[in-house]
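Visitor: Residue-level listing of the chains:
Protein chains: 2
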Amino acid sequence: MNQALNVDELLLRPQDRIRRSAQHLFLKQGYTATTTRQIAEHSGENLALLNYYFGSKERLFAQIMMENLAVFMDGMKTAFNDDKTALEEKVTLFVNRYIDLLALQPDLPLFIFSSLRTNPLKLSQKVGARDVFLKSHFTTQYNAAVKDGSISELPIMHFVMNLVGMTVFPFVARPMLEAVGNLAPNTFDKMMQERRALIPVWIEALMNVQL
Amino acid sequence: MNQALNVDELLLRPQDRIRRSAQHLFLKQGYTATTTRQIAEHSGENLALLNYYFGSKERLFAQIMMENLAVFMDGMKTAFNDDKTALEEKVTLFVNRYIDLLALQPDLPLFIFSSLRTNPLKLSQKVGARDVFLKSHFTTQYNAAVKDGSISELPIMHFVMNLVGMTVFPFVARPMLEAVGNLAPNTFDKMMQERRALIPVWIEALMNVQL
DNA sequence: GTCTATAACGTGATAGAC
DNA sequence: GTCTATCACGTTATAGAC
Numbered sequence: 001m002n003q004a005l006n007v008d009e010l011l012l013r014p015q016d017r018i019r020r021s022a023q024h025l026f027l028k029q030g031y032t033a034t035t036t037r038q039i040a041e042h043s044g045e046n047l048a049l050l051n052y053y054f055g056s057k058e059r060l061f062a063q064i065m066m067e068n069l070a071v072f073m074d075g076m077k078t079a080f081n082d083d084k085t086a087l088e089e090k091v092t093l094f095v096n097r098y099i100d101l102l103a104l105q106p107d108l109p110l111f112i113f114s115s116l117r118t119n120p121l122k123l124s125q126k127v128g129a130r131d132v133f134l135k136s137h138f139t140t141q142y143n144a145a146v147k148d149g150s151i152s153e154l155p156i157m158h159f160v161m162n163l164v165g166m167t168v169f170p171f172v173a174r175p176m177l178e179a180v181g182n183l184a185p186n187t188f189d190k191m192m193q194e195r196r197a198l199i200p201v202w203i204e205a206l207m208n209v210q211l
Numbered sequence: 001m002n003q004a005l006n007v008d009e010l011l012l013r014p015q016d017r018i019r020r021s022a023q024h025l026f027l028k029q030g031y032t033a034t035t036t037r038q039i040a041e042h043s044g045e046n047l048a049l050l051n052y053y054f055g056s057k058e059r060l061f062a063q064i065m066m067e068n069l070a071v072f073m074d075g076m077k078t079a080f081n082d083d084k085t086a087l088e089e090k091v092t093l094f095v096n097r098y099i100d101l102l103a104l105q106p107d108l109p110l111f112i113f114s115s116l117r118t119n120p121l122k123l124s125q126k127v128g129a130r131d132v133f134l135k136s137h138f139t140t141q142y143n144a145a146v147k148d149g150s151i152s153e154l155p156i157m158h159f160v161m162n163l164v165g166m167t168v169f170p171f172v173a174r175p176m177l178e179a180v181g182n183l184a185p186n187t188f189d190k191m192m193q194e195r196r197a198l199i200p201v202w203i204e205a206l207m208n209v210q211l
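The listed protein sequences correspond, in order, to chains Y and R. Each residue of the first sequence is one higher than the one before, counting from 1 in our numbering. Each residue of the second sequence is one higher than the one before, counting from 1 in our numbering.
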């Protein structure tokens, strides 16, 4: 009974263990600060298998990077493309989905933004990202609401900056926020739970501000 | 007249040129991705001088890091500690100051947040950061305004998350925002200029939201 | 597929001449 | 103070045995 491995662990192939360790280390430390030796040791696999399965460190990173970008984008996709929900419901869906995701993967946003800065995506991949948002049901609804005057006139990108900023930014700036606010260990997580209810109310207020 | 160096450049000592190049490269690439050889070459100085003047790459980085953290914090300090201005004016000061700063140094926030994640500051330095905010005139004003009911009741850290999120976050997420919004090259900068006037109005609306 | 051993190179740092 | 030359080591990647 001192068997530490569970069924999942036993079923994992070497390439999956390597991928999982790469995911963990790249997100925590970034590309250059993570060595192939660290990944091999952390995964319990042989160093040479990394190149056998993935070709190179760079190709392994690209795979991890794209998987995570897809996960990050998927939060937008599912919240913004349901054509049965109203604008306000989509905002609530978005906020809850991202706070769920980032509670489990708090390093995800900083990893994505850092990686995008040094390693900008090719146009083809950007186009995917663009369609997820600009061609979403959300965008259609938003622009229609502006036009019929039910919300104030404001370019949708300002709206997105506010929504994503209020939801995602705290996870990026967490150490600084905890320092300047002298927050106790659990306080940050509690505040993010409070923000599930707060952000939608704030966003609605912003949509009605007279500019 | 084909002399490219100006007076400033001529007056710079070797240690200053190294520091300046380190500043440039560390902010763009981060600690591990920047080599001492890159810094030496970029500065036009000899590689050995880096260790002669700064002891090690790590000590050079610590110096750059603390200078930049001080610059970043100073934006908060000056905006929040003038005891002659009202709450709303302090918000406007804060927004303008950070948009000015980050227009010149767009990589600063990502550098700070990445560095703080992997290299958390010691308590003594955090205490400095804490006092800058928690003991500021702004905090006193805010808490008084909550108490007398002139703004809605909300822990000040939620307020800060919103203010800093709306102002600083776009610079962190810029590549992603440009991709999802399909923004033309100059559009981002124009939007940030628009936000100088928008954010204070939004913040005031948030302060009056009934929760 | 998996391993050991090693190649080929880049890194931070320093000894020692000037 | 400034330079060249070099050390000692860690890095990614691969050849070749099993």
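Quick caveat, the hints were computed from the structure, so don't treat them as lab data. Hints may be right or wrong, so weigh each one.
Copies of the same chain are indistinguishable here, so a pair counts whether it falls within one copy or spans any two.
Unchecked claim - Capping the alpha-carbon separation at 20 Å, the derived lysine to aspartate or glutamate pairs in EDC-like fashion look like this:
1) K190 <-> D83
2) K77 <-> E45
3) K135 <-> E178
4) K147 <-> D189
5) K77 <-> E178
6) K77 <-> E88
7) K126 <-> E178
8) K57 <-> E178
9) K57 <-> E45
10) K135 <-> D8
11) K190 <-> E153
12) K135 <-> E41
13) K147 <-> E178
14) K28 <-> D189
Visitor: Indicate, hint by hint, whether the structure satisfies it.
Guide: Consistency of the hints with the structure:
Taking the shortest alpha-carbon separations for K190 and D83, neither the intra-copy value of 32 Å nor the inter-copy value of 32 Å comes in at or below 20 Å. In this assembly of identical chains, K77 and E45 lie within 20 Å of each other by CA distance neither inside one copy nor across copies; the values are 36 Å within and 50 Å between. In this homomeric assembly, K135 and E178 come within 20 Å of each other (Cα to Cα) only across copies, at 15 Å, whereas the closest approach inside a single copy is 38 Å. Taking the closest pair of Cα atoms, K147 and D189 never come within 20 Å of each other, the shortest separation being 38 Å inside a single copy and 25 Å across copies.
Proximity of K77 to E178 under the C-alpha cut-off of 20 Å is restricted to the inter-copy arrangement: shortest distance 17 Å between copies versus 31 Å within a copy. Taking CA atoms no more than 20 Å apart as the test, K77 paired with E88 passes inside one copy only; the shortest distance there is 16 Å, against 36 Å between copies. Proximity of K126 to E178 under the C-alpha cut-off of 20 Å is restricted to the inter-copy arrangement: shortest distance 9 Å between copies versus 34 Å within a copy. For the identical chains of this complex, K57 and E178 are neighbours neither inside a copy (34 Å) nor across copies (28 Å), given an alpha-carbon limit of 20 Å.
Taking the closest pair of Cα atoms, K57 and E45 come within 20 Å of each other only inside a single copy of the chain (15 Å); across copies the shortest separation is 32 Å, beyond that limit. Taking the shortest alpha-carbon separations for K135 and D8, neither the intra-copy value of 38 Å nor the inter-copy value of 51 Å comes in at or below 20 Å. For a Cα distance limit of 20 Å, the shortest separation of K190 from E153 across copies, 17 Å, qualifies, whereas the shortest one inside one copy, 34 Å, does not. Taking identical chains as interchangeable, the C-alpha atoms of K135 and E41 are never at most 20 Å apart, the minima being 44 Å within one chain and 46 Å between chains.
Neither within a single protomer nor between protomers do K147 and E178 lie at most 20 Å apart by alpha-carbon distance, with minima of 41 Å and 24 Å respectively. When the C-alpha separation of K28 and D189 is checked against a cutoff of 20 Å, the pair qualifies only within one copy, where the shortest distance is 19 Å, while the shortest distance between copies is 31 Å.
The structure does not agree with the numbered hints 1, 2, 4, 8, 10, 12, 13 stated previously, though it agrees with the rest.
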